[in-house]
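Chemist: Below, each chain spelled out in residue letters.
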Amino acid sequence: METKNIMIVGVGGQGTLLTSRILGGLALEAGYDVKLSEVHGMAQRGGSVVTYVRYGENVAEPIVEEGCADVLIAFEQLEAMRYVHFLKKDGVLICNTQEIDPMPVVIGAASYPENILPQLSEEYTVYSIDAMNEAKQLGNSRVFNTIVLGIAAQHMDFTKEQWYDVIKKTVPVKSIDINLQAFETGYQLS
Amino acid sequence: MAEKVIMLGNAAIARGAYEAGVKVSAAYPGTPSTEISENLVQYKDSLYCEWSPNEKVAMEVAIGASMSGVRAMASMKHVGVNVAADPLYTVSYIGANGGLVLVAADDPGLYSSQNEQDTRMIGRAAHVPVLEPSDSQEAKDFMKFAFEMSEQYDTPVILRTTTRLSHSQGLVELCERQEIEDKPYKRNPQKNVMMPGNAKGRHVFVEQRENQLIEDGCDFPINRIEWNDKKIGVITSGIPYQYVKEALPQASVLKLGIVYPLPKKLIEQFASEVETLYVVEELEPMIEEQVKSWGIPAIGKEIFTVQGEYSANLLRTAVLGQKLELKSPAQVPGRPPILCPGCPHRSVYSVLNKLKIHAAGDIGCYTLGAVAPLSVVDTTICMGASISSLHGMEKAKGKEYIKNWVAVIGDSTFLHTGINSLMNMVYNQSTGTVIILDNSTTGMTGHQDHAATGKTLQGDPTWAIDIPGVCRAMGIKNVIEVNAFALKELERVIKEEVAKDEISVIITKSPCVLLDKKRVYTPYVCDSEKCKKCGMCMKPGCPAMTKKADGTILIDDTMCTGCGLCEQLCKFGAIRKAGE
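Heads up: the protein sequence lines correspond to chains A and B, in order. In terms of the numbering used here, the first sequence has 64 at position 64, counting the first letter as 1, and numbering is strictly consecutive. To convert, take the position in the second sequence, counting from 1, and add 1000; that gives the numbering used here.
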């Protein structure tokens, strides 16, 4: 198979690192060669964060380049817009509709773009969800990433059982059930 | 078959050290090197590892351990190597008893650094061999090779990594730890006491060693030629090798594992068989210049940049002349890193901003005080420089000039090198004010302990250096401790101390908001009835706060940590704790 290129983008603190590690574990379990590239240090402090996951038969570089991503998982709308040009022509964007104002917007030096998702939908296949709201309805706002992953799962090469296994292995025991529910919520939506 | 796991480059470096039988490791945290020690500590039953107060100390700890006959290492970021340069240049002469490896982590692309320097140049200047792995598996394997090489050639060895390697994960096969018998210690002043007479002799040895390595390096298993189409030949190493494989799969490649000194015959042989030779290396033209100095035609920085990271796309464009049809990125507002909601630095900076005081800054999260809306930090150079540069300003312009200046420095950075600068202020009769932003941790790199936290890297309780006590012991009379969130008191103290014709140290105390992950917060809410839309609470730029369409304030309950800074700034009592 051709190497699959996944990007996860969001705001520092939203769990992009953990999500990429879940995907990495999944690819390893499924017997692929896999590389991940992460962001640590200063950029994590509320900044724009991007992580890459690549899996396939033989993976050389650990980053996904512009115009090469099969799946772009965005935990925030503005970040989706910032990185969407990394998608292939037939790539898929999965976007949490949450909006987090960056500092230039907070201090009034810039404004948050309007109609991001309708605009991106004209060019790309977009799946969007208010995952934060869905997660709150499930009873824990922190599982919003897992809902988004549930949607993304439909566009990758792993079985539902493999996803269940990696979730069970990765999340704390007491939150396994709610995370599986969250995954299912996203999985059914796609 | 050996167990295969997915491993961060830095974790693989730690694993390599463990498998190589390392007994002592010392480091100071610095992105992108920090996770090496954080991973090494899991093997603490087999080895000793510590956070040292700075990289010079860490290097010397490793040297001492090596002299005593065990395998030892130090790890640090590229700019840390500058701090450790003093012992490094001389231990090059001394060599190694037990294997001695310095892991240096460069940061092409400046993800979390103040410059983009290339450690390979330091290896060359200090005549210390430099190895460079290309993925996690090699990171582990090269560490083991580095220790063997160190002992065989009587030399310290630098293993150079970069952010992209250190912070990428790849598959690694695990091996057992090799227990290495301690080498006997023998008194040998000619080798270990570097006074002029002895050092002269050792300098001769260093040159011989280097010549030997230039020859032997041709047969090192860490270098390899991958023959392919000979129209394009590429010499490369490290992470750029991966970009070459991705972009130029048809090219012949000489992949160097040792990048200093270079295996000359191997390079000459490779170059003679290819039509056009390219040298692909990030940052400085270190390999390229040497290759060209031997009269070998090659293409390098004529078409490649000396700045930032490379990519396969960059090579496709530069080498193959491909025109890539890429969409241009959307014009969207930037999202620079910011101080977290509840960060105590924001509180201190809001006071400095109000008082229109300039800050000579330092290295840490608090460097972010340079950007709007706080805009307090005027300068940032390197670890410890806030204090010494403020002193320099006073000596240049006089004590009145710095009445609206302070130096700001974190607790870990103060203990790193700020402490020397403070000694200088006392000794040379400065009247400046130093604010130590004490958040009880090394924050930026992700909460490492230091000499004043009372805990070691291995998790043992220890004596916590008393920072105010240290300042007083230097002879400073004005040492004041203030809660970082007590705005009024903070304002009074800062005003009083900068006005004095005496040196002052203000220690603002409040732990990093991310330190206690179990803490449960009660967020604040804004009562839109009482809100006068004056915007005072928005001034410090807390990311949890946004202005609603009607001008009143919305506090995001998932982000607010209940620090209360906005409540103190609101003159109309519109902000209160949720539920009160």
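Simulated from the structure, these hints should not be mistaken for laboratory data. The reader is advised that the hints may include incorrect statements.
Stated by the list, open to error - In silico PhoX-like cross-links for lysine-lysine, where the CA-CA straight-line distance does not exceed 20 Å: (1) A:89 / B:1327; (2) B:1403 / A:88; (3) B:1500 / B:1488; (4) A:88 / B:1323; (5) B:1004 / A:169; (6) B:1327 / B:1356; (7) A:89 / B:1403; (8) B:1397 / A:174; (9) A:174 / B:1500; (10) B:1495 / B:1477.
Unchecked claim - Derived DEER-like restraints, expressed as beta-carbon distance ranges: (11) B:1455 / A:88: 42 to 52 Å; (12) A:57 / B:1423: 55 to 65 Å; (13) B:1517 / A:89: 35 to 45 Å; (14) B:1320 / A:161: 39 to 49 Å; (15) A:189 / B:1517: 25 to 35 Å; (16) B:1302 / A:89: 49 to 59 Å.
As the structure is a computational prediction, the values presented were derived from the model and not from experiment. For each residue, glycine too, the CB sits at the ideal point set by N, CA and C.
Chemist: Taking the hints in turn, state whether each one holds.
Modeler: Here's how the hints hold up against the structure:
1. Distance restraint check for residue 89 (chain A) and residue 1327 (chain B): the Cα-Cα separation of roughly 10 Å lies within the 20 Å cut-off, and the hinted pair is therefore satisfied.
2. Annotation: proposed proximity of residue 1403 (chain B) to residue 88 (chain A) is violated, straight-line Cα distance about 57 Å (limit 20 Å).
3. Pair hint residue 1500 (chain B) plus residue 1488 (chain B) holds up; C-alpha atoms about 19 Å apart against a cutoff of 20 Å.
4. The hinted pair formed by residue 88 (chain A) and residue 1323 (chain B) meets the criterion: a straight-line CA distance of about 16 Å does not exceed 20 Å.
5. For the hint pairing residue 1004 (chain B) with residue 169 (chain A), the CA-to-CA distance comes to about 17 Å; that is within 20 Å, so the pair holds.
6. With a C-alpha separation of about 44 Å, the suggested pairing of residue 1327 (chain B) with residue 1356 (chain B) is violated against the 20 Å cut-off.
7. Straight-line distance between C-alpha atoms of residue 89 (chain A) and residue 1403 (chain B) comes to about 59 Å, which puts the hinted pair past the 20 Å bound.
8. Among the hinted pairs, residue 1397 (chain B) with residue 174 (chain A) is inconsistent with the structure: their alpha-carbon atoms are about 62 Å apart, more than 20 Å.
9. Taking the CA atoms of residue 174 (chain A) and residue 1500 (chain B), the gap is near 57 Å; set against the 20 Å cutoff, the hint is violated.
10. Between residue 1495 (chain B) and residue 1477 (chain B), the direct Cα distance comes to roughly 17 Å. Compliance with the 20 Å bound is thereby established for this hinted pair.
11. Against the hinted window of 42 to 52 Å, the Cβ-Cβ separation of residue 1455 (chain B) and residue 88 (chain A) comes to about 48 Å, which satisfies the hint.
12. Between residue 57 (chain A) and residue 1423 (chain B) the C-beta distance comes to about 59 Å, which sits within the given range of 55 to 65 Å.
13. For the hinted restraint 35 to 45 Å between residue 1517 (chain B) and residue 89 (chain A), the CB-CB distance of approximately 42 Å keeps it satisfied.
14. Between residue 1320 (chain B) and residue 161 (chain A) the beta carbon distance is about 43 Å. The supplied range of 39 to 49 Å therefore holds.
15. Our hint of 25 to 35 Å for residue 189 (chain A) and residue 1517 (chain B) holds, since their Cβ atoms are close to 31 Å apart.
16. At roughly 33 Å, the beta carbons of residue 1302 (chain B) and residue 89 (chain A) sit outside the given window of 49 to 59 Å.
Violated hints for the displayed structure, listed by number in ascending order: 2, 6, 7, 8, 9, 16.
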